[in-house]
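Asker: Given next are the chains, with one letter for each unit.
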Amino acid sequence: EAEVAQSPRYKITEKSQAVAFWCDPISGHATLYWYRQILGQGPELLVQFQDESVVDDSQLPKDRFSAERLKGVDSTLKIQPAELGDSAMYLCASSLGGRTVPDTQYFGPGTRLTVL
Amino acid sequence: AQKVTQAQTEISVVEKEDVTLDCVYETRDTTYYLFWYKQPPSGELVFLIRRNSFDEQNEISGRYSWNFQKSTSSFNFTITASQVVDSAVYFCALEGGGSYIPTFGRGTSLIVHP
Numbered sequence: 001e002a003e004v005a006q007s008p009r010y011k012i013t014e015k016s017q018a019v020a021f022w023c024d025p026i027s028g029h030a031t032l033y034w035y036r037q038i039l040g041q042g043p044e045l046l047v048q049f050q051d052e053s054v055v056d057d058s059q060l061p062k063d064r065f066s067a068e069r070l071k072g073v074d075s076t077l078k079i080q081p082a083e084l085g086d087s088a089m090y091l092c093a094s095s096l097g098g099r100t101v102p103d104t105q106y107f108g109p110g111t112r113l114t115v116l
Numbered sequence: 001a002q003k004v005t006q007a008q009t010e011i012s013v014v015e016k017e018d019v020t021l022d023c024v025y026e027t028r029d030t031t032y033y034l035f036w037y038k039q040p041p042s043g044e045l046v047f048l049i050r051r052n053s054f055d056e057q058n059e060i061s062g063r064y065s066w067n068f069q070k071s072t073s074s075f076n077f078t079i080t081a082s083q084v085v086d087s088a089v090y091f092c093a094l095e096g097g098g099s100y101i102p103t104f105g106r107g108t109s110l111i112v113h114p
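Read top to bottom, the protein sequences are chains L and X. Counting in our numbering, the first sequence runs from 1 upward without gaps. Counting in our numbering, the second sequence runs from 1 upward without gaps.
Be aware that a few hints might be false.
[What the hints assert, rightly or not] Chain L is nowhere near these chain X residues, computed Cβ spacing over 12 Å in every case: (1) Val19; (2) Asn58; (3) Glu59; (4) Pro114.
[Said to hold, decoys possible] With a straight-line Cα cutoff of 27 Å, these simulated DSSO-like cross-link-like pairs (lysine-lysine) come out: (5) Lys16/X to Lys38/X; (6) Lys3/X to Lys62/L; (7) Lys70/X to Lys3/X; (8) Lys11/L to Lys38/X; (9) Lys15/L to Lys71/L; (10) Lys78/L to Lys62/L.
No wet-lab data here; the hints were simulated from the structure. Just so it is clear, CB atoms sit at the ideal spot from N, CA and C, and this is done for glycine as well.
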């Protein structure tokens, strides 16, 4: 069964350092999402890509976060510099990318970030 | 604005008990979609079900069943004869208004004891 891949699974870093997370969506899925999930809460969208284009990054803290999906397949989310409040689970999801029906998102295992 | 409320933070049951997870939503959209996801300790969210606002039929899938009631804006999830493997955090989510981004509730942690 096809899955969304993410790496690393766990990342510990010191504040002010740079971190990067990688996501490989299910093959053929045009839409890719990055979410942040703070402990005890539901996921919140950071950025959505349709192919290589950003569709929604209104909740992405652009002063320190960046995301790219250069070839419209895999994606990288970067934080520079990391802050203590960035400690969270970062989830990647992908979907086929239809615009006329709801698009079921399939999630990866996530990257748990701890900032010390 | 859309909102999803899962008032139960944590539920603890003994194996074989039935358990219902509550979900109440708010939306001004006439067309919307409701979802349930399961998040086991491993972290990934597993899709369980999607329902649209025009289909109020209850659905049963094995030990899982869902009760959608527009009159009370609720989309509750029942697990019959719970098992230890059902232990996870369950999220209800709402998608509507032309947005393809779901709004998630805070989740309900279900603990099933042997």
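Asker: For a quick check of understanding: which of the numbered hints are violated here, in increasing order?
Answerer: 9
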